[in-house]
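Using the sequences provided together with the hints, build the complete structure.
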Amino acid sequence: MEQIIDAIKKRAWRSLLGALKEAGIDSFKVATRVVIKCLLTFCLMYVGGWSLGVGVFHGVNAALGLKTWSGGYQYIEFDVKPITVVLESDLDESQPNG
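Residue numbers (this note's numbering): 1 to 98.
Calculated directly from the structure, the hints in this document are not laboratory data. Check the hints yourself; a few may be wrong.
With a straight-line Cα cutoff of 30 Å, these simulated DSS-like cross-link-like pairs (lysine-lysine) come out [stated by the list, open to error]:
#1 K29 / K10
#2 K10 / K21
#3 K21 / K9
#4 K21 / K37
Next up, the structure:
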């Protein structure tokens with residue numbers, strides 16, 4: 001009777017280890033497929049943003065969501081004021097050059 005119980009235990013352990021092994025292999029396959037699909041999406045968005053002329057960053061942003069990571073689009077705004085240009089012919093002869 002003990003031999004039958006030992007055989008059942010061995011079979012149960014082999015069955016459990018086989019199931020865990022298959023689950024590990026299947027999860028690895030699924031994770032690999034997800035990574036490949038993400039990389040494909042990233043490449044398509046990168047090339048799409050470049051080819052449409054909207055800039056590569058917008059394509060990458062669509063794929064990865066960089067705007068949310070960086071806290072928004074960062075840019076520098078220059079406040080350019082007009083400069084008055086005075087030509088020599090505009091100067092009055094009575095005013096000294098300076």
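Quick rundown of the hints versus the structure:
| no. | hint | verdict |
| --- | --- | --- |
| 1 | K29 / K10 | holds, 29 Å |
| 2 | K10 / K21 | holds, 16 Å |
| 3 | K21 / K9 | holds, 18 Å |
| 4 | K21 / K37 | holds, 25 Å |
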